[in-house]
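K.L.:
Sequence:
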Amino acid sequence: MSDQILEKRVIETLDKGGDLERLKFHLDRFAESNVVLILFSRPESKKPISELVKKIKEDIKKKMRHISHSGYYEEVKCRFAHSVWLYPLVHGGVDYGYLCVIIEQGTLPKKILNFVEDYLAISLEKALKELELVKVHSTLRPRAVALSSVHTMHRLISSTLNMEELLPRLARLCLQITRSKICAIYIRKGSYLKPEAAASVDSKYKPRSFSVESSTIGRSLDSGSIILKNNSLWVPLIEEELIGAIGLRSKQNGRHFDFNDKEILAVLAEQAIIAIKNAQLYETQNRILVESLKSLSKILEAKSPKIYTHPKSFIDLVLAITDEYGLSQEDREYIKYATLLLDTGKIAVPEDILKKTSLLTEEEYHSIREHPLKSAEIVKTIKALKPVVPIILHHHEKFDGSGYPKGLKGKKIPVGARILAVADTFEAMICHRPYKKTMNFDKAVSEILKQKGKQFDPDVVDAFIRSVKKGKLQKISQRMREEIKKTR
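Heads up: the sequence shown begins at 0 in numbering that gives the first Met the number 0, then just goes up one per residue.
Warning: the hint list may mix true and false statements.
[As the list claims (entries may be wrong)] Quick list of the computed label-pair ranges, beta carbon to beta carbon:
{"no.": "1", "residue 1": "K442", "residue 2": "K474", "range": "15 to 21 Å"}
{"no.": "2", "residue 1": "G17", "residue 2": "S222", "range": "22 to 28 Å"}
{"no.": "3", "residue 1": "G91", "residue 2": "K205", "range": "51 to 57 Å"}
{"no.": "4", "residue 1": "E240", "residue 2": "E329", "range": "54 to 60 Å"}
{"no.": "5", "residue 1": "L358", "residue 2": "L448", "range": "24 to 30 Å"}
{"no.": "6", "residue 1": "F24", "residue 2": "K203", "range": "24 to 30 Å"}
{"no.": "7", "residue 1": "Q477", "residue 2": "H365", "range": "44 to 50 Å"}
{"no.": "8", "residue 1": "E11", "residue 2": "N277", "range": "48 to 54 Å"}
{"no.": "9", "residue 1": "S294", "residue 2": "A265", "range": "42 to 48 Å"}
{"no.": "10", "residue 1": "K293", "residue 2": "S401", "range": "30 to 36 Å"}
{"no.": "11", "residue 1": "G325", "residue 2": "A383", "range": "22 to 28 Å"}
{"no.": "12", "residue 1": "E11", "residue 2": "F114", "range": "54 to 60 Å"}
{"no.": "13", "residue 1": "P386", "residue 2": "N277", "range": "30 to 36 Å"}
Quick caveat, the hints were computed from the structure, so don't treat them as lab data.
For every residue, glycine included, the Cβ atom is placed at its ideal position computed from N, Cα and C.
Please model the entire structure based on the sequences and the hints provided.
P.N.:
This is the structure we're talking about:
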C-alpha cells in the first residue's frame, strides 16, 4: 500500500469512527458556541475543499507547513471566526493529516486545547490499529480459505477417480470459492489445452481450446507463470510438465481479481494436480484391467465354441439397463467387469456338456449350475475385483428366491446380479443356443415382463423397458445376432 493511500485510509477511518463527532459535541458545550471541525489528509492539504477553509487557505497552508515541523497545534488568525486552531495528526514520525477547529464565538481554555491534542493522538492510534486489523484479516483470509479449500479438495479427491465426474466438480468448487462468474478446467492434449469441464453463472458460456505453443497465455502457462489480470486469472497445472490449467473470468461482485484470489487458486491448483494425476492413473489401470479381463474371457472362447459364449455387444446390453437403472460410476464399472468374466467358470464344465443339444441329465445340470461358483473362485484371487465376486456368484438367483446357488431373495441379491439376470435371460432368448430356439425381439421383451416380480427385480425390469422404449435394445440386439452369425 502506498503512503498516500495509507494516509487517506487513516483519515477516512478517523472520520468514520465517531471520535470526531463526540469531540465536537463536547467542544460545543465548552465553547458555548458552534464549533466546526475540518479534517484533512495530507494530499488534500494542498487544495482545501471546504468553501469555509478557502477563505483562510493561505494562512492555514502556512500553518500546516509550520506545525508539520513543530508537531504542535497552533492558532490561525482570521477575520470571520473568533478563533481557529490547527492540529497536526502525527504518529511515529509520520504525518497523516490535520484537524482544523473553528470556533465561531468565544474561545477554549489552554487545558481544553491540550485535551484535544491528547484526544486526537489516542483517536489516531486507534484508527491505525483498526487498519492493522483489517490488514491482518485480509492477509489471513486467503490462507484460511485456502486451508478450508484443501480440506474440501481432499474430500473431492476421495469421492471419485472418474475424470468425467472429477473435473466438473473441480470447476464448480473453484467457481464457488473464488466467487467467479466462469471457471474452466483445461487438460493438455498434445500441443493444445482443451476445456474438459466448465462451471459458470451464465450456462451459455463455452470455453475454447488454445495452443500451448502459439498463444501468449499458453506459453506463459507452459513456463509455469500465473497470469493475473483485472478480469481473468490463469493458474497452470504442472507435474514435471504442463498437464492442464484452471482459468477464471470476472468476479461475481464486479471487482477485479487480486493477490488473494491468486493465492487461493494456486493452493487449489496444487490439490487439483494430485486429483487429476490420480484419476489419470486410475484410467490407465482401468484400461489395463479391462484388457486383461478381455484376455481372460478369451480363454473360455478357446475352451469351447464361440457360439456358446456371450457376443461382444452383450456388455452394451448390460450397461444400457444399468444406465437406465441409475447407479454410480463405480458400481457401473464393477458390473462391466463382472460381465466380462461372467462365464469364466465354464472352463471347468466338460465341453461335451456345453455342446449338448438334448436335455441335460441331473448330473450334467448340476455341473452347469456350478459354473457361477467356479467363476467366483477364479475371480476372487484378483484383489482389485473383490466387489465383482458377489455379482458373478449370484447372477442366476431369482427375485422370488427360487434361483441358485444360494437361493437369495429380493433385494438381498446384489443389484449388479439382478441386472445381469435380466440381461443374461434376454440375450439367451434372442440369440442362438444349442438347447433352445431363438425368439423374436418383441416376444423376448414380453417374456421378461411376465417374470417381473417373480424371476426378476421389478425395478430392473422397469429400467429394461425404458431402454426398450428409447430404442437402445433393438440396435444392440441386432448387433448381437450379427456377431453370433459370424462365429457359426
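K.L.:
So, against the hints stated earlier in the document, which numbers end up violated here?
P.N.:
2, 4, 6, 7, 12, 13
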